[in-house]
Amino acid sequence: MTTAALGADRPDPGPAGDVVLRTDGIAKHFGPVVALRGVDMHLRRGEVLGLVGDNGAGKSTLVKILCGYQRPDVGKMYVEGRQVHFRSVGDARAMGIETVYQDLALVPQLPVYKNLFLKREVVAGGRLGFLSDGKMRKLARQYLDDIKVNVPSVDAPVERLSGGQRQAIAVARATRSDVKILLLDEPLSAMGAKESALIIDLVRDLSKNRGVSIIVIDHNYAHIFELCDRINVIHQGVVSFDKRVEDTSLEELTNYMVSEYRQQIMSGRGARQTG
Amino acid sequence: MSQVTLPHTGGDAFTSPSAPGAGRGGLTWRVLIERREAAILIVAVALFVYFTVASANFLTVANLQNLSQFVGPVAVIGAGEVMLLVCAEVDLSAGTVFVFMPFVVYYANQDLGLPMLAAIVVAVIVAGLVGALNGIVTTSLNVPSFITTLGMLFALDGIMLVSSNAAQLTMPTSGTLSNVFGSYGWSEIIWSVVLVAIMYVVLNRTRFGMHTVAAGGNLVGASEAGVPVNRVKIWCFVLCSALSGLIGIVDATRITVLDPGNPGTQEMFYAIAAAVIGGTALTGGSGTVLGAFVGAVVLGVLFVGLTIVGISANAFVLILGVAILGAMIANVQLAKFAQKRRMPS
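Residue numbers (numbering that gives the first Met the number 0), protein chains in the order written: chain X, 0 to 274; chain Y, 0 to 344.
What the hints contain is simulated information worked out from the structure, not anything from laboratory work. Heads up, some of the hints might be wrong.
As the list claims (entries may be wrong) - Quick list of in silico lysine to any residue cross-link-like pairs, SDA-like style, CA-CA up to 25 Å:
(1) X:K118 to Y:I135
(2) X:K137 to Y:F207
(3) X:K193 to X:H218
(4) X:K134 to Y:A87
(5) X:K118 to Y:A87
(6) X:K179 to X:E158
As the list claims (entries may be wrong) - Pulled a few chain Y residues facing chain X out of the computed Cβ check, cut under 7 Å:
(7) L46
(8) L168
(9) R204
(10) R206
(11) G216
(12) L218
(13) E223
(14) G225
Here a beta-carbon is modelled for each residue, glycine too, at the ideal position from N, C-alpha and C.
Turn these sequences into a full structure, and let the hints guide you.
Here it is, written out as structure tokens:
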């Protein structure tokens with residue numbers, strides 16, 4: 000499929016006012032290492048936003064802040080216009096923000112259905128928390144069938160699945176619940192072409208038919224152009240490039256990345272980092 | 000929409016239905032590989048039968064009671080250790096909690112004048128607090144639990160020696176309550192069966208148990224998924240310690256003598272041995288409470304059986320060593336073997 004053909008059937012991201020997620024000057028450092036210097040970005044309803052950048056540019060850190068796993072040093076975050084302070088992944092999830100981490104965050108020893116319900120268990124007995132295994136098995140089977148993910152059995156431990164199957168389970172976990180904003184950190188990295196198609200279809204379906212807003216991190220620019228409505232480049236901890244896919248091209252993006260990289264080498268990385 | 004069909008495992012001799020005689024053999028193998036308790040249960044039964052045949056004194060009520068009194072504490076402390084091993088931690092101080100909490104009952108009852116039941120409740124709570132301290136130091140200060148609980152072992156042993164002036168005490172008694180808590184010959188095994196059954200449900204059938212497996216199986220992943228891994232681990236330390244304290248009180252009520260000269264290390268090592276022999280790996284993410292119980296039975300049958308057939312109990316220690324090594328080697332090899340079956344690439 001070509002990029003142009005895909006651009007045509009992509010949904011309108013909606014009026015500019017319909018911003019579901021916005022950040023204002025998000026910064027984060029780990030000891031002397033500056034990961035983010037002041038990220039201003041926004042995400043519209045039903046939009047798929049691609050985040051690209053060099054290794055260590057701060058993409059994963061930004062995702063971890065948006066999903067409540069880490070807290071920013073400074074900066075503000077707004078979900079549907081209201082300022083939010085996430086203290087945990089649970090806080091973000093309560094607002095409909097779900098994440099597929101680069102490492103997938105699956106437990107190899109637990110069966111597929113328990114991984115799908117990890118921290119969203121169906122339980123009986125109130126605080127005692129007795130697992131309703133039958134119910135979870137059934138719901139897991141149903142949902143995996145719905146999104147056409149094939150696993151040998153929902154009772155199979157995740158360690159028995161292939162890399163692609165695991166990735167599909169991680170995506171399925173994030174999308175099963177009432178997700179409004181989906182964060183995907185390199186969702187296609189462990190996938191073959193056929194498995195990638197599954198995720199790509201799923202992402203499109205979510206944004207188009209369910210109005211889910213999605214942020215995708217990927218190193219593969221072809222994937223980004225295929226999936227996204229808009230592209231942000233994160234360079235040295237700030238958003239340095241923000242264009243809709245129809246206003247740019249693979250060539251422009253590649254040239255931009257290369258020139259940024261050259262500039263960085265010329266001026267010296269250390270000086271830029273502390274400046 | 001493309002449908003992804005991923006390669007199913009199988010096609011080798013054990014799962015292929017076309018392989019001659021694979022049906023029965025395959026099933027047996029699967030049971031032995033996937034339910035580690037099954038393999039050790041066979042060993043336990045074989046040993047039991049052997050000693051029954053070898054000595055007329057083995058299968059007697061008195062001896063079975065003797066056996067049950069060995070198995071009880073090892074199985075209960077073992078169940079607590081399984082919870083910790085599953086979340087990739089260990090408690091070396093559990094045996095010391097086991098021997099020290101009866102002293103706490105004594106102090107609370109004799110020195111503070113609390114009624115027996117209240118004294119027992121206080122001691123179990125103190126045991127839980129010891130576990131909480133182990134857990135908080137381990138998770139919040141990032142001290143490996145091996146070191147945290149080693150320190151706790153010596154600290155508690157010291158408190159026990161100092162507070163008792165290294166003198167033996169007699170466990171206070173109070174009628175029916177003492178019968179419930181150990182004086183009745185079978186009470187120890189009844190306690191252990193009940194506690195192990197509860198721990199089985201906790202580990203396998205509750206959200207907490209699932210989070211324990213998650214914390215041990217993929218610590219970072221579990222916390223990314225929102226599992227409060229540190230809180231889960233701290234509760235596992237609390238459980239292990241409280242169980243050890245409770246069964247220690249039952250054991251001391253039966254024996255009646257509180258001996259500060261015993262630091263409890265032997266009880267702790269037997270419990271970890273029972274867990275390991277029962278099929279719990281030290282790598283976290285998997286473990287079986289029932290396996291630890293059967294492991295405790297194996298140790299008990301060996302210990303009591305060897306004594307009865309007249310082999311020095313000293314040989315027991317040697318056999319224990321060989322059994323632990325054998326169980327660990329079998330564990331690792333079976334895991335590798337199972338892995339190979341799963342991934343025919």
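>> Hint L168 (chain Y) vs chain X: min CB-CB distance below 7 Å?
In response: violated (38 Å)
> Are the Cα positions of K118 (chain X) and A87 (chain Y) separated by 25 Å at most?
Replying inline: It holds: about 19 Å lies between the C-alpha atoms, which stays within 25 Å.
> Given G216 (chain Y) as an interface hint, is the shortest Cβ-Cβ distance to chain X below 7 Å?
Replying inline: Since chain X brings a Cβ to about 4 Å from G216 (chain Y), closer than 7 Å, the hint holds.
>> Check whether the Cα positions of K137 (chain X) and F207 (chain Y) lie no farther apart than 25 Å.
In response: This hinted pair holds, its Cα atoms lying about 21 Å apart.
> Was the hint right that R204 (chain Y) lines chain X, CB cutoff 7 Å?
Replying inline: Nearest chain X Cβ about 6 Å off; hint holds.
> K179 (chain X) and E158 (chain X): Cα distance at most 25 Å?
Replying inline: Judged against 25 Å, a Cα distance of about 29 Å means the pair is violated.
> Hey, does the R206 (chain Y) contact hint survive, CB to chain X under 7 Å?
Replying inline: Where the cut-off is 7 Å and the nearest Cβ of chain X is about 4 Å from R206 (chain Y), the hint holds.
>> Take the shortest C-beta to C-beta distance between E223 (chain Y) and chain X; is it under 7 Å?
In response: Holds, about 4 Å.
>> Given G225 (chain Y) as an interface hint, is its Cβ closer than 7 Å to any Cβ of chain X?
In response: holds (4 Å)
>> Take the shortest C-beta to C-beta distance between L218 (chain Y) and chain X; is it under 7 Å?
In response: It is violated, given that the least Cβ distance between L218 (chain Y) and chain X is near 10 Å, above 7 Å.
> Taken at face value, is the distance from the CA of H218 (chain X) to the CA of K193 (chain X) at most 25 Å?
Replying inline: holds (18 Å)
>> With the threshold set at 25 Å, check whether the alpha-carbon distance from K118 (chain X) to I135 (chain Y) stays at or below it.
In response: holds (22 Å)
Checked against the numbered hints given earlier, the structure breaks hints 4, 6, 7, 8 and 12 and satisfies all the rest.
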